[in-house]
Each structure stands twice: as C-alpha cells, then as structure tokens.
Amino acid sequence: MPPAVRLWLPVILSFVVQLFGTVGILAWTRPGSAATWAVALLVAVAGPLALIAARRLPGPVATVTVAAAVVDLLLPPAFQPLPLALLFGVVLGIVRGARVWVYASLALGWSVALLLGGLSGVLWHPGRIVGTTLGLIVLCGIAEGARVRRQRAKERRRRFREQRASAEQEERVRIARELHDVIAHSLSQISVQAGVGLHLMDAQPEQARTALENIKATSKAALDDVRGVLGVLRGDDAPLAPSPGLAQLPQLAASVTAITVQLDAIDVGRVPDTVQQAAYRIVQESLTNVVRHARATAAHITVRREAGMLVVSVADDGRGGPIEPGNGVLGMTERAEQLGGRLEISATASGTTVTATLPVGEETR
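Counting with UniProt numbering, you get residues 1 to 365 for the letters of the sequence shown.
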C-alpha cells in the first residue's frame, strides 16, 4: 500500500464515519442544546484530524483519540457512532512503539469515563461496560500482534541488509586478493627479468634477449589472468579459463627464473577445485615473496596429503628473519582460513618456510 494511502485512509474513513454518524444521531435524537451539538461535532472531528500526526507523534495522538472517545461517551444521547479514530489511534500507537502512552491513556480514560459517568447519572448497562472493556482488550491484542509482525519484518530487513553488505565486502576482498596474487607475482618476475636484461644488454645480448622474451611471456600471461578476473566481474558470456590448480604448479615453478625452484608433488588424489586454487595462489604468493624479499637462490615446493588435509609448503634458503605482515601474507592467511585451514610461517637464519594446511576430507582416487 502506498505511504500516502496508509496515511490518509484512517483519517478519511474515521472522519466520514464519525462526523456523519454523529450528525445523524443528533438529528434523530434532537438533544436540543446548541452547546451539545457543537461539542459533539468537535469531538467527532478531533480524533480523525489528530490521526494526521500519528506517524510523527503516535503517543500524543493516541491520547487525543482516547480523550475524544471519553468525551463522546459522556455526551447525550446514550449511544454514539463507532469510534474509528480511537481504534486507529490505539493500533498505530502500539505498532509504532508508543505503548506506554496508549496503555496509560486507555486506563486513565476508561477510569475517568466510569467515574464521571457514575457521578453525572449516566445509566450504563453492565453488559456495555463489560463489552467495552473486552473490546479494548481485543483491540490491544490485535495491535500487539501487528507490532510483533512489524518488528519481525524490520529485523528480517536488517539481517538481509547486513548479509548483503557482508557478502559485498567478502566479494571485494576476494577480488582484491585475486588481483593482488595475479599482478604481484607477474610484476615481480618482470622486475627481475628487466634487471637481468639491463645488466647483460651490452656484455651478453643473447641472455638479455632471453630475459626480454621472458618479460613478454610473463606480461602476456598476467594480462590474460587480469582479463579473466575482469570478465568474471563483468559477467561476460565468453567461456572462462579454468582456475589454476595443482596441475599448473609445474608451469608456475618453471616461470620463476630468478631462482632455482624444485617441486615435489606426490599423487594427492581428488582435491576440490577451491582447495586447489587456494593452494596454487598460496604457492604463487610465497614464490613472489621469495623473489622480492628473501635474497634466496633456491626454493623447494612440497605437496602432500596427510589425514584428510592437503599440506603445501614453500621453503627457501634466503636470509630468514622476522616476517613483516602485508597484503600478501594477509591474503594467504585469509585463503587458508576461508577453507577451514591454517597458514604457518617459520623463519630461521637458513631461510623461511610457508606451510598451508587445507582440509580436503577423506581421500578418494
């Protein structure tokens, strides 16, 4: 229902019912006093008009509608039109959180009506008193049910927004990690090869040419990887290249020419694609760090399976020393923990070892 309809429907409906109902009753009963007519008509329109502010001031509006209904009860004749403004005021007040206002107004208003009615000699049938009391209780029960449903719907919307924000944040982190892994490794190789090419350009041009060819191949592979990531972001319909996994580790090891890389990978059986990709990226980032920071001459990659876990390690013979956490280490840690695994880094004077332990379940071949 549009907001404007929700705002004006109670106002118009209660205004029509109470005003025309009051005019009809007064015309039929002819109370005679002009003051009675004036007060009755004023009370008939006061409650409906107050509903206009029910969204902003639900508590005071509920109090006004209760007061108008009490005055209407005490006026002659002994019967009145249906107090729709009171019904809407009570329901809107409870639903919008002004429960103290509503219950206090109802209790005080009904007590005042009974007291003044008795003092002024208004003869109310006991059945009317009981019926009105039960009607108010039922009305409050309906309003409380609507309030609970509204709160639950609001809570569902809040949880949905939080889940969506969390999913968006996780996706941003995943994209940033993927781009970092792809670009950092390739740029590291390009930087090393460029340095070799510059150093050997005059003395050994053939080796410099080889370095330039390696730069060309590495940059092309990096561009292909970046296009693949961007294709996923754009939702391209073109078939995507398969995600790198354990089968691509030999090519990864061979692409690192700045140091000697040895790969020992036994048959580890069936491994989920997500675990394979995480293992590949961890090895890739570890080799990038070795080339950039370790001052190593060799690295040793081992891949094995132990008790339902895939264990991947990269050890180098570099300078070791304290590990400075950065985006690369953070990304590797996140990849491992996202799968329920862990990442351990140990550094000694003889080098650094990065070990990722990733759950793969029972071994199947």
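Be aware that one or more of the hints could be misleading.
Keeping only pairs whose Cα atoms sit at most 20 Å apart, straight-line, the calculated SDA-like set for lysine to any residue is [stated by the list, open to error]:
(1) Lys216 with Met201
(2) Lys220 with Val271
(3) Lys154 with Arg6
(4) Lys216 with Ala254
(5) Lys220 with Leu179
(6) Lys220 with Asp202
Label-pair restraints from in silico Cβ distances [said to hold, decoys possible]:
(7) Ile129 with Trp28: 16 to 26 Å
(8) Ala104 with Ala4: 26 to 36 Å
(9) Leu330 with Arg152: 36 to 46 Å
(10) Ala247 with Gln207: 29 to 39 Å
(11) Ala27 with Arg152: 45 to 55 Å
(12) Ile129 with Gln163: 43 to 53 Å
(13) His199 with Ser166: 41 to 51 Å
Simulated from the structure, these hints should not be mistaken for lab results.
Computed from a predicted structure; not experimentally measured.
We put the beta carbon where it would ideally sit given N, CA and C, even for glycine.
Evaluation of the provided hints:
1. Lys216 with Met201: With Cα atoms ~16 Å apart, Lys216 and Met201 stay inside 20 Å; holds.
2. Lys220 with Val271: Given pair Lys220, Val271 is violated - Cα atoms ~29 Å apart, limit 20 Å.
3. Lys154 with Arg6: holds, 18 Å
4. Lys216 with Ala254: holds, 15 Å
5. Lys220 with Leu179: holds, 15 Å
6. Lys220 with Asp202: Distance of about 26 Å is beyond 20 Å: violated.
7. Ile129 with Trp28: 16 to 26 Å: Since Ile129 and Trp28 have Cβ atoms about 24 Å apart, the given range 16 to 26 Å holds.
8. Ala104 with Ala4: 26 to 36 Å: holds, 31 Å
9. Leu330 with Arg152: 36 to 46 Å: Given a distance of about 38 Å, which is inside 36 to 46 Å, the answer is holds.
10. Ala247 with Gln207: 29 to 39 Å: holds, 31 Å
11. Ala27 with Arg152: 45 to 55 Å: holds, 47 Å
12. Ile129 with Gln163: 43 to 53 Å: Holds - the Cβ-Cβ distance for Ile129 and Gln163, about 51 Å, lies within 43 to 53 Å.
13. His199 with Ser166: 41 to 51 Å: holds, 49 Å
In this structure, the earlier hints numbered 2 and 6 are contradicted, and the remaining ones agree with it.
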